[in-house]
Structures are given as structure tokens and as C-alpha cells.
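S.K.: Spelled out, the chains give:
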Amino acid sequence: MGDRVSDPCHNVPMRANDDTWLVVPLYNEATVIGNVVAGALPTFANIVCVDDGSSDASAVAARDAGALVIHHATNLGQGAALQTGISYVVTQTDAEYLVTFDADGQHQVDDAAAMVALAREKDLAIVFGSRFLDDRTKAGWLKKAILKTAVWVTNQSTGLRLTDAHNGLRVIRRDAAARVDLVQNRMAHASEIVLQLGRTKLPWREYPVHVLYTEYSKGKGQSVLNSVNILVDLVFK
Amino acid sequence: MDKIWIQLILLAGVAAVAVTLTRSTADARHQAVRRVLLVGFVLVAASAILYPTFLSHLAALVGVGRGTDLVLYALVIAFLSYVATMYRRMKMMDRRITALTREIALAEVRLEQAGYPTARTSASPSDPSPADHTTGPPERRP
Numbered sequence: 001m002g003d004r005v006s007d008p009c010h011n012v013p014m015r016a017n018d019d020t021w022l023v024v025p026l027y028n029e030a031t032v033i034g035n036v037v038a039g040a041l042p043t044f045a046n047i048v049c050v051d052d053g054s055s056d057a058s059a060v061a062a063r064d065a066g067a068l069v070i071h072h073a074t075n076l077g078q079g080a081a082l083q084t085g086i087s088y089v090v091t092q093t094d095a096e097y098l099v100t101f102d103a104d105g106q107h108q109v110d111d112a113a114a115m116v117a118l119a120r121e122k123d124l125a126i127v128f129g130s131r132f133l134d135d136r137t138k139a140g141w142l143k144k145a146i147l148k149t150a151v152w153v154t155n156q157s158t159g160l161r162l163t164d165a166h167n168g169l170r171v172i173r174r175d176a177a178a179r180v181d182l183v184q185n186r187m188a189h190a191s192e193i194v195l196q197l198g199r200t201k202l203p204w205r206e207y208p209v210h211v212l213y214t215e216y217s218k219g220k221g222q223s224v225l226n227s228v229n230i231l232v233d234l235v236f237k
Numbered sequence: 238m239d240k241i242w243i244q245l246i247l248l249a250g251v252a253a254v255a256v257t258l259t260r261s262t263a264d265a266r267h268q269a270v271r272r273v274l275l276v277g278f279v280l281v282a283a284s285a286i287l288y289p290t291f292l293s294h295l296a297a298l299v300g301v302g303r304g305t306d307l308v309l310y311a312l313v314i315a316f317l318s319y320v321a322t323m324y325r326r327m328k329m330m331d332r333r334i335t336a337l338t339r340e341i342a343l344a345e346v347r348l349e350q351a352g353y354p355t356a357r358t359s360a361s362p363s364d365p366s367p368a369d370h371t372t373g374p375p376e377r378r379p
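Each protein sequence line maps, in turn, to chains A and B.
Residues 1 to 237 in this note's numbering are what the first sequence spells out, letter by letter.
Residues 238 to 379 in this note's numbering are what the second sequence spells out, letter by letter.
Don't read these hints as lab results, they were simulated from the structure.
Since the model is a prediction, treat every value here as computed from it, not as a measurement.
Mixed in with the good hints, there may be bad ones.
Derived DEER-like restraints, expressed as beta-carbon distance ranges [unchecked claim]:
id : chain 1 : residue 1 : chain 2 : residue 2 : range
1  : A       : TRP141    : B       : ALA321    : 36 to 42 Å
2  : B       : ALA344    : A       : GLU121    : 21 to 27 Å
3  : A       : GLN156    : B       : LEU343    : 30 to 36 Å
4  : A       : ASN226    : B       : TYR353    : 57 to 63 Å
5  : A       : LEU231    : B       : MET327    : 36 to 42 Å
6  : A       : GLN156    : B       : GLN244    : 38 to 44 Å
7  : B       : MET323    : A       : THR163    : 36 to 42 Å
8  : A       : LYS144    : B       : GLY302    : 35 to 41 Å
Examples of chain A residues lying across from chain B (beta carbon under 7 Å, computed) [claimed, not checked]:
id : residue
9  : HIS71
10 : ASN185
11 : LEU231
Below are the BS3-like pairs computed for lysine-lysine, each with C-alpha atoms no more than 30 Å apart in a straight line [stated by the list, open to error]:
id : chain 1 : residue 1 : chain 2 : residue 2
12 : A       : LYS148    : A       : LYS122
13 : A       : LYS201    : A       : LYS122
14 : B       : LYS328    : A       : LYS148
15 : A       : LYS201    : A       : LYS144
16 : A       : LYS148    : A       : LYS138
17 : A       : LYS138    : B       : LYS328
18 : A       : LYS201    : A       : LYS148
19 : A       : LYS122    : B       : LYS328
Backbone N, C-alpha and C fix where the C-beta goes; we use that ideal spot for every residue, glycine too.
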């Protein structure tokens, strides 16, 4: 896991990300969240972890590593945690960008930094991470098939043409973030956020990212059956 | 005469259900619809009890074999609408709980950053004081 977080390459000067908040939905990831936060801090000084009612020591680990921790009194789901983080950044900070980042260490800090840099450079409001723009990400065929189906369903309903839909790594500029209001508490928020961001008609782009499937993240990841739940959640709102 | 007891018991049951249903609260329009349906239910149930052949006649009238089948169909529809109503209600409740939890979470972090003790910081005094939180956003005091 260390290779993921160590030596974050600084394509962007450190101080440049002072106006950026990393938003990390956090639920029972005590074993890894400390490393994830510590690995991201040199590049992103502002990290908010939304502890979604974890029953382990996730919140303490995140705080000790140097993140700001917001607590949900009860477990609501990743979508709800994400929305709380977004609401926090929009209403209680002056941040210009926020980056949604998974707590389990699947995402690369370098990718996030490069996406923020791209957003600045090209004046983009939204940068979606996509693991299917290059072949760095190694996913099993079943996972790939399900993700591709999810992309297709999402594209049908959002009007955007994305290559990856359920990727937790996104850069959202303040004006776009202010117009996000997720009501899907569970996993269907991944499609919902694309839909709401698409409706803003603000400039967006995809960026190739590397999603690291460790044994840990595979163990915690969504089961294939869960895609049925997502579909039902999206249809019966 | 042997019918009268079961008729009394069933009628009492229908009455009990009727009373319970009217007591639950919801918004006015739904409540009105529910009450109208309830009156219909009471009438049908009462007549089915008092005139046991009534349902069979009704079933024959609408082209269903037996009165029992008619009751079964009605129950299936009633059950499905119950499931749908409950699903919607549960979603609404989830949204309320989410909004409430989010408000509390955001209020709590606002208090923490303003230096006020919160349930969490005062419960664990070993926590670093929010004022020392170097990674926090610029302080926004009320």
C-alpha cells in the first residue's frame, strides 16, 4: 500500500492547492485511512473526512493523521457522506475546488493533483477520473462488464458521454459543487452526481486515472449483486 | 344461529381495524383517500360477513370464479399498494434523517472550529483543540 501514498510527485507547487479541499467519505477504514490522509497531506493541505458513523477507530485515525473530521451521528451511506462533505466545503470554506477521494486508498494523489491542475489550466468546472482511458487499471472481466453497463446506463440518463461512471475521483469547482444536492444516500449517488453536474452545463473533461485494486479494496468493494441495488435505487427514487 | 358468533367476532375485527386506520396521521389529501377506501372496505367486509353468498354473487358478476378468488385478488392489490406506500414513506423518512444528521454534523464542526466545546470534544479531552488544527480552514468566528 505504501507505494500508493509515498512520494507524491508535485507537478503542482504545494501552496497552489491551498484553495482545494479533499473530500473523503469515511466508513470503517481505520486500517488504511491514516496512510491515505498522510499520503495526501503534502499535496493537499485541506482534507475533510466525513465519518459516516464508523464503528471502528476511523475517525481518530483520520484526525491523528491531520484531517478535519465531520461526524455523522448514524450511518447513512457514501452518497450522504459525500454530500455532507460538499456542503461543508461550499458553506464553510472559501475553497475554489474540491476533490472527491475514496478512503480505501484506491486513488492516486498524483492523479488528483494533475486533475486539479488541469481544471485550473483549462478553466474546467468538473474533471471526472476515468479508469478506462488507459490500460493502467487492472479490473476483472466481470467488474469491467458491470462498470461498462453502469457507464452506459448513466450516459443514457445524463446526456454526458463518459467512459467511467462509478469512479470516486472527481474535481469539482465551487460553482458546480454549489449545485450538487445528492439525495441518493447509497451507491446510486455516483450516477446522480454525474447527472446533476451535467445539468450545470459547465465545462467538464475526463482524465485518465489509475485505480489500484488492492486485496483490501477488493474485500471492501461493492459486490456484483450490489449493482442490482443501484439500478433499483435509480429507477424507484 | 351457529353463524352468529363468527359474524360478531369478524365484525368486531373490522371495526377495530377501521378505528386504528383512521387514527394514523398523514397529509390531508392522502388521509381523505384512505378514509373513503376505508368506508368501502368496512361496507364490503360487513356485507360479506352478514350475507356470506354476497361475495360469490359479486365474483360471478365480474366474471371471477369464486368469491374467495375475488378476495385474493383484492388482497394482492392491497398488499402491493401497501408495499409501494411504505417504500415511499421510508424514502421520505430516510431523507429527513439524512438532512437532520447533516445539519448536526455541520453545526458541530462549526462549533468546534469556533472553539466551543461539543459533545465529542468535551467527551474526549485528549483530542487536539480545534484552534490548534493546522489543517483546518481559515477560522470563521460567529
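S.K.: Compare the structure with each hint and give your call.
M.R.: Taking the hints in turn, this is what the structure says about them:
1. TRP141(A) <-> ALA321(B): 36 to 42 Å: holds (37 Å)
2. ALA344(B) <-> GLU121(A): 21 to 27 Å: violated (37 Å)
3. GLN156(A) <-> LEU343(B): 30 to 36 Å: holds (34 Å)
4. ASN226(A) <-> TYR353(B): 57 to 63 Å: violated (40 Å)
5. LEU231(A) <-> MET327(B): 36 to 42 Å: violated (18 Å)
6. GLN156(A) <-> GLN244(B): 38 to 44 Å: violated (57 Å)
7. MET323(B) <-> THR163(A): 36 to 42 Å: For THR163(A) against MET323(B), whose Cβ atoms are near 39 Å apart, the range 36 to 42 Å holds.
8. LYS144(A) <-> GLY302(B): 35 to 41 Å: Violated, since LYS144(A) and GLY302(B) (Cβ atoms, about 52 Å apart) do not stay within the stated range.
9. HIS71: holds (6 Å)
10. ASN185: holds (6 Å)
11. LEU231: violated (15 Å)
12. LYS148(A) <-> LYS122(A): holds (28 Å)
13. LYS201(A) <-> LYS122(A): holds (16 Å)
14. LYS328(B) <-> LYS148(A): holds (28 Å)
15. LYS201(A) <-> LYS144(A): Since the Cα atoms of LYS201(A) and LYS144(A) sit roughly 29 Å apart, the hinted pair holds (cutoff 30 Å).
16. LYS148(A) <-> LYS138(A): holds (14 Å)
17. LYS138(A) <-> LYS328(B): Answer violated: LYS138(A) to LYS328(B) is near 36 Å, above 30 Å.
18. LYS201(A) <-> LYS148(A): Holds. LYS201(A) to LYS148(A) sits at ~24 Å (cutoff 30 Å).
19. LYS122(A) <-> LYS328(B): violated (40 Å)
Consistency note: the structure conflicts with the earlier hints numbered 2, 4, 5, 6, 8, 11, 17 and 19.
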